[in-house]
Amino acid sequence: MKRFAKVIFRTSLPLLALVALQPVIFASVDDAQSFALQAAEPYVKQGFQVREDYWGGDLGSGEKKAVRQQLFKGNEYWFWLGTEVDRAKVSVHVYDSDGKLAEEPDGWEKGHFAAAHVIPKATGSYFIIVSVEESPEERTHWALVYGFR
Amino acid sequence: MQVAMRPGQRGGSINVSQIVLSSDLCTAAVPVKVRSINPEYEPEINSRKCQMIPFTRHLKLGVGLLCGLAMCAGAAQAPQHIDIKQLSTTVEDVVVPLPNEIFGALNKLGAVNWKQHVRSDKGPNFTERPRIALLLGTVIADGFIAVQAEDSATVKEIGQRVLALAKGIGVGNSITPHAKAIVEAADKRNWENVRQELDRTQNSVQQAMNEVHDEKLSQLVSLGGWLRGTEVLTSVVKEHFSSDGAELLHQPDLLSYFLTRLKAMPEFNVPIIRQIQDALGEVKPLIDVGNRRIPPESVKKVNEITTRLGHGIVTRD
Chain A
2 MKRFAKVIFR TSLPLLALVA LQPVIFASVD DAQSFALQAA EPYVKQGFQV
52 REDYWGGDLG SGEKKAVRQQ LFKGNEYWFW LGTEVDRAKV SVHVYDSDGK
102 LAEEPDGWEK GHFAAAHVIP KATGSYFIIV SVEESPEERT HWALVYGFR
Chain B
57 MQVAMRPGQR GGSINVSQIV LSSDLCTAAV PVKVRSINPE YEPEINSRKC
107 QMIPFTRHLK LGVGLLCGLA MCAGAAQAPQ HIDIKQLSTT VEDVVVPLPN
157 EIFGALNKLG AVNWKQHVRS DKGPNFTERP RIALLLGTVI ADGFIAVQAE
207 DSATVKEIGQ RVLALAKGIG VGNSITPHAK AIVEAADKRN WENVRQELDR
257 TQNSVQQAMN EVHDEKLSQL VSLGGWLRGT EVLTSVVKEH FSSDGAELLH
307 QPDLLSYFLT RLKAMPEFNV PIIRQIQDAL GEVKPLIDVG NRRIPPESVK
357 KVNEITTRLG HGIVTRD
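Residue numbers (the working numbering), protein chains in the order written: chain A, 2 to 150; chain B, 57 to 373.
Because the hints were derived from the structure by calculation, they are not lab data.
Since we're looking at a predicted model, the values are computed, not measured.
It is possible that part of the hints are untrue.
Listed next, the in silico DSS-like pairs over lysine-lysine satisfying Cα-Cα at most 30 Å (straight line) [unchecked claim]:
1) A:Lys-46 with B:Lys-164
2) B:Lys-171 with A:Lys-46
3) A:Lys-122 with A:Lys-74
4) B:Lys-244 with A:Lys-122
5) A:Lys-101 with B:Lys-340
6) A:Lys-111 with A:Lys-122
7) B:Lys-141 with A:Lys-74
8) B:Lys-244 with B:Lys-212
9) B:Lys-212 with A:Lys-122
Build out the structure end to end from the sequences listed, making use of the hints.
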């Protein structure tokens, strides 16, 4: 019985540690989201509705992630990417379903913020490519929000 | 999810003019001029600051080059073309648009009589959670329609209905403040705030469901909203057909996403779920037309299917 209790204790320790660390892990993605929302802030005044939902995760330097998204012709979209890592450099670009760059030339990147502007020429699926270009961290949290008008 | 902004850090500090500036600097040569030293002063300068002059020159050059490089990196050009197939392992699930995203695009094609599409009947109370989730998504979409129609009374009713349904599914606590905010904003006819609160409501419901590992119910909320949005979209386009209006139906990846999700819900033994699954199989070839245009007959057919499903969602078996 004692042995059984020991086994339970040993196996539950890493689980407890994971549970304890979980809020910390999520907090970082949430921080990245707050930066993405900061980048979006000036655009709200221009009539963009920013979605509450967001997409996030973590990437190593030089890694990319694609988010597939349905866009509608007639709407105008901005995508904002943020990370909480101070000296990281991130980028976001939008491609159509044929892999052709579909963004307007006024997209921008500035340190741990980046944004891409899309006025879709056709209704359909688009790929939002997020990338951590450089980062002092091994893994860099990112969050992507978007707005439309 | 509500995340507080960090104090003292404002996104407003980034503006387009700064970006334009960086782009200009990238395309232009770095403007560092190395002036020749007046020979009259050269001996004096060299005697006193002989090391400083080359250092200053180098400093100027170095700083200029560094700034130029840094700014060029900031506005790095993206490749004009990428191989989408190579992304297959890193692609996230398709993002389900909000109904008002479609309605916004529809509005730009011409005036829509939104009042005609407002629906406020309370409908039956279900006990099956998948049915409540579907209905919840539909009712939130009805909220967006009522906002388009600027129908304050219906928006308020919908706010209460959303709260009742959320309670029925066990996530009422996270919705109460949003339901209150919807009613308050509708009273003030602040439609932008109502839209935002409806978005927050859907987000909070889905997050609360995901937190208790009810992701499938969360997906049904999205599906219910999408079906109601598509029903209204096809109804509007059917009445005043235009190719641009029909093109808004071109959502094949979204449809595949829902079909895949429904196939992974065998445990939901509810007839309406299977009916939706079969019906989406009928809709797919009508809207998955590649570069071809979606004809009026297809719009009509999709409208018949989504209207039938919409009726099934709000009616007891």
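We went through each hint and held it up to the structure:
1. A:Lys-46 with B:Lys-164: holds, 20 Å
2. B:Lys-171 with A:Lys-46: holds, 28 Å
3. A:Lys-122 with A:Lys-74: holds, 6 Å
4. B:Lys-244 with A:Lys-122: violated, 37 Å
5. A:Lys-101 with B:Lys-340: holds, 25 Å
6. A:Lys-111 with A:Lys-122: OK: Lys-111 of chain A and Lys-122 of chain A at ~27 Å, within 30 Å.
7. B:Lys-141 with A:Lys-74: holds, 24 Å
8. B:Lys-244 with B:Lys-212: Satisfied, since the Cα-Cα distance of roughly 11 Å is no more than 30 Å.
9. B:Lys-212 with A:Lys-122: violated, 37 Å
When held up to the earlier numbered hints, the structure conflicts with 4 and 9 and fits the remainder.
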